[in-house]
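Asker: Chain residues, written in single-letter form:
2 protein chains.
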Amino acid sequence: MVATAARRLARHEVEDLVRDVLRQRLTGAINPPPTAREVPARASRGSDVGPHPLVVNVSARHVHVTPADLETLFGPGATLTKQRDLYQAGEFASEQLVTLVGPRQRIIPNVRILGPTRGYSQVELSYTDGVYLGIDLPLRVSGNHDGTPGITVLGPRGALTLDRGVIRARRHVHMSEADLRYFGVRDGDEMKLRIDGPCGVTFDGVVVRHHPRVILEVHIDTDEGNACDIERATNMQLIK
Amino acid sequence: MVATAARRLARHEVEDLVRDVLRQRLTGAINPPPTAREVPARASRGSDVGPHPLVVNVSARHVHVTPADLETLFGPGATLTKQRDLYQAGEFASEQLVTLVGPRQRIIPNVRILGPTRGYSQVELSYTDGVYLGIDLPLRVSGNHDGTPGITVLGPRGALTLDRGVIRARRHVHMSEADLRYFGVRDGDEMKLRIDGPCGVTFDGVVVRHHPRVILEVHIDTDEGNACDIERATNMQLIK
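Residue numbers (this note's numbering), protein chains in the order written: chain A, 1 to 240; chain B, 1 to 240.
Isolated chain A, as found in the complex (with noise of 0.2 Å):
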């Protein structure tokens, strides 16, 4: 048996209680939907060990938006100003924060908008978002928008109504030229990812996106994290 502390309530500790529940909810301290663990950006330099290290982040639900939406939920003129800079040169973490409101009105508010701006506007979230809003995720590489659905993003200037953008980003490596060559594999190719650790797991069709500019970076989700302890991860291996 679990020991517990156990009473009755008497009714001003139930109305203190509902009282203070709700003050919390107006005032957004509770009720806020869940995030990821915080992940740090993690490397391991096991059997693999080619031109970068292989480094594993967490993607927690975030928004991109051209520069024209950027105005209307910020106003004109308006810029993405760097909270940090993400593991990608030139990418990163803006101060800008926005409220998505589904389509059974609910919402999930201090969604962060990642820089620089760009060419399309996109929100990226885990399917465990997409069930509290009710949006069935289309599972994309980002960018390819057909035949997604849209959603309503809140900023403090003004509402947006995108009509489509809306995805589960499919489990990605980003890879330079070297990295390529270091696994043998080309753009668009998929491969595994193996997390050994207490909550071991090896995810399939991790898809392979190259660019000049970018280093070896392995993006999951946080549903993905989270079903695999990556905090706790022992060690880290892609397998062509």
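Honestly, the hints are just simulated from the structure, not real lab data.
A portion of the hints provided could be inaccurate.
What the hints assert, rightly or not - Think about it this way: if two alpha-carbon atoms lie no more than 20 Å apart in a straight line, the pair counts; the simulated SDA-like pairs of lysine to any residue are:
no.	chain 1	residue 1	chain 2	residue 2
1	A	LYS240	B	GLY197
2	A	LYS192	A	ARG213
3	B	LYS192	A	THR202
Stated by the list, open to error - Sample of chain B residues lacking proximity to chain A, with all beta carbon distances greater than 10 Å (derived):
no.	residue
4	PRO51
5	PRO53
6	HIS62
7	ALA78
8	LEU86
9	GLY90
10	GLU91
11	LEU139
12	HIS172
13	ALA178
14	VAL208
15	ARG213
Here the structure is a predicted model, which means the values were calculated and not measured.
All C-beta atoms in this analysis are idealised placements derived from N, C-alpha and C, irrespective of residue type, glycine included.
We have chain A already, so just place chain B on it with the hints.
Answerer: Same frame as chain A, now just chain B:
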């Protein structure tokens, strides 16, 4: 460029929107935490046609309680009433719901108690839930509560502070004697679970749990179910 419907919000529109959101929050219409995708019991009859079909079920967050803790939450003489049967004979999702209050004062409402009552109380959460509540969840087999954290549970008739029993359940597979023989494994062994499909994954460390009155059933949590998109799995296989 993505087509967007964008305009500046008028002040009264913003006020209406905020009023709607607050009203919905207060009435509980928005911001309950994410839940699992709806995953029906699934049977795969692939190469492993043993004494029972391979069924993989996703366990959403839930609670087990002792009879005494149930009375604390729901009042003297309270019993669990059945909402629906679960896959194992005698197990059921009850109609009784509780609210969890974590150490950061965040709450998760509408968490279902599974019946029948047990000799211990236990709260099973995903890591996504743990991040939200601010609890670093230990990975445990059901009932192993040494060194596990506690939580406050609210019912309609009282509050209960468990001093331990909050866990992420280890991936496991329930097996009858015939299932053990078929797979050539013993209670406590670890197997792999291979999920084929658009988000294919192989899970390591699926713990075999033998009980004379169960039939073959794998339990994974919502992070794991979402990571591998179990809904769209094309094949499933247990590997020794």
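Asker: Could you run down the list of hints and mark each one as holding or not?
Answerer: Hint check results:
Of the pairs offered as hints, the one joining LYS240 (chain A) and GLY197 (chain B) holds, with about 18 Å between alpha carbons and a cut-off of 20 Å not exceeded. At most 20 Å may separate the alpha-carbon atoms for a hinted pair to count; LYS192 (chain A) and ARG213 (chain A) exceed this at roughly 23 Å. With a C-alpha separation of about 10 Å, the suggested pair LYS192 (chain B) and THR202 (chain A) falls inside the 20 Å cut-off, and the hint holds. Distance check for PRO51 (chain B) against chain A: the nearest CB is about 28 Å away, which clears 10 Å, and the non-interface claim stands.
Distance to chain A confirms PRO53 (chain B) as a non-interface residue, since its nearest Cβ pair spans about 23 Å, more than 10 Å. Listed as a non-interface residue, HIS62 (chain B) keeps its Cβ farther than 10 Å from every Cβ of chain A; the least gap is roughly 16 Å. With a least CB separation of 13 Å from chain A, ALA78 (chain B) remains clear of the 10 Å interface cut-off, as annotated. The claim that LEU86 (chain B) lies off the interface holds: its Cβ sits roughly 20 Å from the closest Cβ of chain A, which is beyond the 10 Å cut-off.
Even its closest Cβ contact with chain A, about 21 Å, leaves GLY90 (chain B) beyond 10 Å, as expected for a residue assigned away from the interface. GLU91 (chain B), annotated as away from the interface, keeps every beta carbon of chain A farther than 10 Å; the closest lies near 20 Å. Under the 10 Å C-beta cut-off, the non-interface status given to LEU139 (chain B) relative to chain A is violated; the minimum distance is some 6 Å. The beta carbon of HIS172 (chain B) is kept farther than 10 Å from every beta carbon of chain A, the shortest such distance being approximately 13 Å.
Annotated as non-interface, ALA178 (chain B) keeps its C-beta farther than 10 Å from every C-beta of chain A; the closest such distance is 28 Å. A cut-off of 10 Å between C-beta atoms confirms that VAL208 (chain B) is not in contact with chain A; the least separation is 16 Å. The Cβ of ARG213 (chain B) lies farther than 10 Å from every Cβ of chain A, with a closest approach of about 23 Å, so its non-interface assignment holds.
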